[in-house]
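Got two chains here, separate frames each, mind docking them using the hints?
If you read the sequences in order, they're chains W and X.
Residue 1 is where the first sequence starts when you use the numbering used here, and the numbers rise one by one after that.
Residue 1 is where the second sequence starts when you use the numbering used here, and the numbers rise one by one after that.
Bear in mind the hints are in silico, worked out from the structure with no lab data behind them.
All residues carry an ideal CB built from backbone N, CA and C; glycine is no exception.
Be a bit skeptical, because a hint or two may be false.
[Claimed, not checked] Straight-line Cα separation of at most 27 Å, DSS-like style, residue types lysine-lysine; simulated pairs:
| # | chain 1 | residue 1 | chain 2 | residue 2 |
| --- | --- | --- | --- | --- |
| 1 | W | K223 | W | K367 |
| 2 | W | K52 | X | K45 |
| 3 | W | K52 | X | K87 |
| 4 | W | K549 | W | K481 |
| 5 | W | K520 | W | K549 |
| 6 | X | K44 | W | K520 |
| 7 | W | K464 | W | K447 |
| 8 | X | K87 | X | K17 |
| 9 | W | K89 | W | K367 |
| 10 | X | K44 | W | K333 |
| 11 | W | K52 | X | K63 |
| 12 | X | K61 | W | K52 |
| 13 | W | K558 | W | K542 |
| 14 | W | K189 | X | K17 |
| 15 | W | K464 | W | K483 |
| 16 | W | K190 | X | K17 |
| 17 | X | K9 | X | K63 |
| 18 | X | K92 | W | K52 |
[Stated by the list, open to error] With the Cβ distance kept under 8 Å, some of the chain W side facing chain X (calculated, not the full set):
| # | residue |
| --- | --- |
| 19 | A41 |
| 20 | V42 |
| 21 | Q43 |
| 22 | Y45 |
| 23 | E51 |
| 24 | S53 |
| 25 | G55 |
| 26 | L57 |
| 27 | A58 |
| 28 | A177 |
| 29 | L181 |
| 30 | R202 |
| 31 | V205 |
| 32 | A207 |
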Amino acid sequence: MAGVQTPDILITPDVAKDLAVKLVELNQVQQQNPTSLVEKAVQAYQDGQAEKSLGMLAGDVCPYTEQDVNGVLLENLSSQECDKNTLQKQEPKAGTPERTRYDKAQKVAQAVREYLESNGQTISDVLRNEVINYISRSPLFRDLLFDSTTGKQISSYSETSEAIARTLLRQPRFRQAIHRLFTERLDSKKRLEHLEPYEALRREVEALEIQLKKLPPDVTQAKIDQTKNDLETARQNLVAVSGLRSRLKSLESISQQDQRRLDELQLSLVQLETKIGPYLKFMEQTEQDIQALRTQLLSTTDPQQKSDIEGKIEKLEKDPLYQQYLSDYERYKSTVAEITTIESRIQEIQNLSQQIAEAESDFQQKKQEYEELVRRQASSQTSQERARLEAELERKKLELKDLEAQLTAERIRYASDVIAIPAEVAKEFLNEALGEAATHYKEEAKKAAEQQKAESEKQETERKRLEEQAIEKLSRRLGRKEKTKRGETIPVPDKKQARRLLTLLFKPSGLQGFINEVAKNKTTLKSYGLTDDEVKAITDKKNDPEFVKTVGQNLAKKILADYLLAGGRLSRDDIFVLADTEWGRSIIEDGRKLSEEQRKFLEKQLGKGVLTALDELKGGKTTSEWLKGNWWKIGGIIGLLILLGLIGPSITQLIPNAFSRG
Amino acid sequence: MDDFNVRLKRLVDGLTKVILDSLIAEDIDQDEAAEISRFILVRKKTITNDADLNNFLNELKDKYFIFSSFLDSFKKEQKIQNEDSQKIEAIKNQLLRFTQ
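This is chain X alone, in the form it adopts within the complex (with noise of 0.2 Å):
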């Protein structure tokens, strides 16, 4: 499974986690657990890459507000890791330079 792949399992694995903690606390129902459930269900068929993850992240923020703080999460923490790997590609490329 690539990167992106485990990202997106990732997530599936916490939103899952966030709608069964909210249908126990019973800010949720059962009814708008199943409405939440289908939606990402549908939608996750249709995400094949960064951006349209992103676009799937947005609109779940949008639409319910249970996500909203694992979402946050979410981001900052992809946020990081793409930093974290921009950062280790410089210096890749700079210990490449150095050795040629």
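Isolated chain W (complex conformation) (with noise of 0.2 Å):
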């Protein structure tokens, strides 16, 4: 419909969503902060230094410091951990090819930056070798630095390619043109794309196995039977300690009146303490060599020893001070012992109390470690849980795994983008005073170009100009033969050159066999009148399918045409041979074509049902029928009647059935 287009894409909801996505994103790259240089460039102009911040841009001042240099580096570089202290990553392990990267890098890196630094007057060796070694890989320099006919470096390799690395390195476009790159790849603020993602990751790994870690131990048969033992060994500990209950009421039954009695006794022995405290000592001892004293009495038999032993008993026992404080002595240790037979009773009833307590306590403990262990096996709520967490951990492990190769393979790509810095700026800078003549010779190159398609389209046109020439020239002579009259030669159809170049169409090689014989040879050619320029023009094409069925299709019609018009006649097996031929089909198409154009116009201009009223006044027969019977009556006409286009298309839609054999 007019005016109406159609979208070049549907928008589904997840196209849309697609592109809402897309746009998010899109304004998230649109919003970036400014680069470190930039920063670095307002920081200077905020401190006054406004030519500074000019030279950062311009890039003759390096705004970067060593340690700038070195924390992005270690950032995107290193695998390792944060140092607790710096808070900065630490350096990649010794001896692995993370650590020869970084170490190459950061040589580099600094390289470069001292360069810039110093205006370009600092030139390490390591910037100068990197220079020099994309030099004496350029083939720009291949003449200078190698023999061309050995290939082998020349003499003065080294002194040469030293030259044109220090000719580079002193240029200040060279200097420009690195300190952009530089400050671009040692921005401080550059993070590599995965290393984020991959660090969430690895948090998110860690999370989940400590939730693993802290998930309780699965239930088996076995703990639950273990439990259930304790269980039944704190049972039976509350019983036997239950025994112990009525000692314990009993003693609490008299504890107020061992509490009521100890304060009294506690009294009464401070006020005994006070009387008897400084002699106290003489007493026990006293008491202790008497008793001692009757100890040895007891194991004597000698009477005179037996008597001296009496004899010291009795003087320690009648000692005036021993005998002065006797009675309270006496009071003294009773009182104690009392003391102690009561606190003995208190502390009982602690402990009674203490163990009644505990092995109560132990009971409920495991009585609730038993049942629970129980419920958690009906319900086996933890190892669903712990099935989960398997998966997830595991799932995130292969992302981890393969973010971490994502992950190295930009830390390789950073650490050479860093490491050919100088390379890249020798590339460049050589590429930009060299454009020039390479545009030169591009241009060069385009002009040759544009003539030789110019020359080639020229011969190309002249070809099929003497290709047309050739063919017309074989249309007018091929089944003809030259008749003079009134003193002018003209061809004119010959029956017998045309019935054999027609025999020659009617054979299995049909079009590709007919060309043959007519290009045959250049004596061949020659003879229909070509020149050596249209011979050629044939010879080169007359294996080429295309020109094959197209001349050759145009050349059969005209055979044909002149065959019929010399009075030629098509035998029965002529006209199936020519309907099963592809030229032949063309031919009956060409014919229905024309046919249908001549009826549509019949028709229009007197009206429908003309030709069927025509038809029926052939013997009341459609003219398919009607042929069917008598093919043999026009068989010599049929094909030039199908050429002009004089039977209606009722027979010629049916003639592929009239001409079969069936």
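Now the structure itself:
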């Protein structure tokens, strides 16, 4: 419908979602923070150093310190953890490829930094070698550095490459180009794309591992049995302890009396101690001595010794001081003994209470543990949670591994980018310097290509002209003979020659066989009046299937028409063969189309049904039926009629049927 | 530092600020900023008097659009300053004549 345009794609909800995400992402990209270079330039400006700020932007002043450079390299090239003191990543482990990359990148970066900081004056070996390496591999300098015949380094190789490198490194534009790449790649805010997602995922994995560790162990039947046994032991212990309850009760019943008595005794003890305190040691010692002598007396049989011991005992017992404080000392001892008895009862109450409480608590705890295990076994909650966490952990670990591989690839790429700064600038600088020459050569090459194209187009036009001319000559001469009338020689259809060519065309080799015969060799083609160039044009194309099809078909039609015009007739077999060949079917199709147009014209002029009426006049049969019965009568002229489009479509549409042997 | 050099420094400060602001606002990219900064640093060395300064300002205005507004203000300020100086000078002369 005019004015209505079909949309390129259908906006489905999914497509809309993708578009929205892309737009959001686009905005995020657009809202980039200023680079470190800009930040450093702003900082210099704010410090009142506008010219230094301009120098940084212009590429004359190095904006990054040694620490800045090391920091960004460590952050992006090391896979080690952060140092707790410096909060910066530790250097990669020694002897690893990561360390090799880091060391190389660091050396080159610091060499470039020193070069920039010294305004191009400090050119370290590292930097020079990087440029020399590039130059020695560059095809531009191959001839200068290598002998073109032997391919070996020329004797002054090192001097030449050194001289080129020195010249390059002294160029202000070279330094500015290095500055540009250096500030871009060593930007202290630069972080690899996969770094943050990797760290986040690693933290997730660690959290999951901790979560898994915190899960209670799985409930097994053995564990339940064990807990059940523990519970039974605790129960038995509780039963055993329960037997002590009566003793506790009886002790508790007198505990108040005990406490009162204890208070009294302690008061009395204080009074006694005040009284006999200074002699207490003497009294105790005397008592011990008497007791020792008495023991000695029991084991002695000698009467004299016995008498001596008894004398000592008596002396001690009759000591006036001892006698004076003996009754108080005896009271003191009995008081202390009673206090000890009461205190031991109080202690026993405490012990029994504690023992019973512990047994009860232990039983309750074991009971709870047992019940919890039985409940967990019934719900299998922990197992499900563990399975879920383990599956998630496994998935995350795989993702982490994948991300780690990508991060490593990105680290390798970044290290290469840093290491390649001098070489890239050398390449860029040389390309730019030699840009005009390259443009000149490109333009020359373009002109040459255009000229070649024009030449080849001209040749093609000429070839086509010769080809058309040759075909024209062939169509005038094939199947014809020359006849002179009133002094003028013209080619007229020759039945014999036309028949000979038709016979070729009816053969299985068809058009290709016909063309091969017509363009058999130079002599054959020249016999049709072709020039040498025209002969070549035909010979070159005689095996081209497209040429054979179009040219052969047109010539075949022409020969058939000539044959019929010269009074030739087609046999039944000829017609069968004609209908089977491609060119024959083409003739029929052409005739059918032409007659269709004529029929439409006649119908328009005379009204519909006229031709049907004509069919009926031919004996009440349709034309095709009539043809089927009388084909041999018109065999000789049918081809020409078809060619000239004089047979109605009702016949031509049925021709394949009419001609078929079935 | 004489008056001329003070003005030159003030100009460089102002130009630097314009470049930085334009860079942050993404009106220019880093390569353009580098080119402009380089131009200013190179040309600054050749400015020794007011005529050089005026040429420099005109060149800047023609070459880089980002400075047009700043340079208009700077020139206007400079013109006012010059007029003020001339007026002060005239008054000084009148006073001198009066006292003589």
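For this session: Compare the structure with the hints numbered earlier in the document and write down the numbers of the violated ones, lowest to highest.
Result: As far as the earlier hints go, 3, 6, 8, 9, 10, 15, 18, 21, 28, 29, 30, 31, 32 are violated by this structure, in ascending order.
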